[in-house]
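Full structure from sequences and hints, please.
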Amino acid sequence: MSIITNINKVFDHRIRLGIMSILMVNEYADFNMLKELLGATDGNLASHTKALEKAAYIKVEKQFIGRKPNTRYSTTKLGEAEFKKHINALEKLINKQ
234 MSIITNINKV FDHRIRLGIM SILMVNEYAD FNMLKELLGA TDGNLASHTK
284 ALEKAAYIKV EKQFIGRKPN TRYSTTKLGE AEFKKHINAL EKLINKQ
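Just so we're aligned, residue 234 is where the sequence shown starts under this note's numbering, counting upward by one.
Hints in this document: simulated from the structure, not taken from any laboratory.
Glycine included, every Cβ here is placed at the ideal spot set by N, Cα and C.
Check the hints yourself; a few may be wrong.
[What the hints assert, rightly or not] Below, a list of computed lysine to any residue pairs in the SDA-like style, where the Cα atoms sit at most 25 Å apart:
hint: 1; residue 1: Lys242; residue 2: Phe264
hint: 2; residue 1: Lys242; residue 2: Thr309
hint: 3; residue 1: Lys318; residue 2: Thr274
hint: 4; residue 1: Lys310; residue 2: Ile248
hint: 5; residue 1: Lys268; residue 2: Lys292
hint: 6; residue 1: Lys317; residue 2: Ile236
hint: 7; residue 1: Lys283; residue 2: Val293
hint: 8; residue 1: Lys292; residue 2: Val243
hint: 9; residue 1: Lys301; residue 2: Asn277
hint: 10; residue 1: Lys317; residue 2: Ser280
hint: 11; residue 1: Lys242; residue 2: Leu278
hint: 12; residue 1: Lys317; residue 2: Lys301
hint: 13; residue 1: Lys287; residue 2: Asn328
[Unchecked claim] Okay, the calculated beta carbon distance ranges per label pair:
hint: 14; residue 1: Lys242; residue 2: Asn277; range: 40 to 50 Å
hint: 15; residue 1: Ala284; residue 2: Asn259; range: 13 to 23 Å
hint: 16; residue 1: Lys329; residue 2: Lys295; range: 16 to 26 Å
hint: 17; residue 1: Gln296; residue 2: Glu269; range: 31 to 41 Å
hint: 18; residue 1: Arg247; residue 2: Leu311; range: 15 to 25 Å
hint: 19; residue 1: Leu326; residue 2: Lys301; range: 17 to 27 Å
hint: 20; residue 1: Arg300; residue 2: Glu324; range: 12 to 22 Å
Quick look at the structure:
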């Protein structure tokens, strides 16, 4: 088995890595929170959340708070497992185990 076998291509981009990192330590995060923490544009963040949603790594909930739309994100069980596997693979690569 190759040392990079468990490195997941879906997490290659820094924005996706950031989204998952934030969601792993928070129950959920809304669009504006992710945008602010990551310094991403609306379009950039939207495309990366869409890619993570398509892979079934995050769950998207749309709601209204008052009259304002609010989109919030959380990890799925699959997303948590795959992200942990990815981080473990990176640590092994760094430590060359």
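Outcome of the hint check:
no.: 1; hint: Lys242 with Phe264; result: holds, 23 Å
no.: 2; hint: Lys242 with Thr309; result: holds, 18 Å
no.: 3; hint: Lys318 with Thr274; result: violated, 28 Å
no.: 4; hint: Lys310 with Ile248; result: holds, 20 Å
no.: 5; hint: Lys268 with Lys292; result: holds, 17 Å
no.: 6; hint: Lys317 with Ile236; result: holds, 16 Å
no.: 7; hint: Lys283 with Val293; result: holds, 9 Å
no.: 8; hint: Lys292 with Val243; result: holds, 15 Å
no.: 9; hint: Lys301 with Asn277; result: holds, 21 Å
no.: 10; hint: Lys317 with Ser280; result: holds, 22 Å
no.: 11; hint: Lys242 with Leu278; result: holds, 17 Å
no.: 12; hint: Lys317 with Lys301; result: violated, 34 Å
no.: 13; hint: Lys287 with Asn328; result: violated, 32 Å
no.: 14; hint: Lys242 with Asn277: 40 to 50 Å; result: violated, 18 Å
no.: 15; hint: Ala284 with Asn259: 13 to 23 Å; result: holds, 20 Å
no.: 16; hint: Lys329 with Lys295: 16 to 26 Å; result: violated, 44 Å
no.: 17; hint: Gln296 with Glu269: 31 to 41 Å; result: violated, 19 Å
no.: 18; hint: Arg247 with Leu311: 15 to 25 Å; result: holds, 22 Å
no.: 19; hint: Leu326 with Lys301: 17 to 27 Å; result: violated, 43 Å
no.: 20; hint: Arg300 with Glu324: 12 to 22 Å; result: violated, 46 Å
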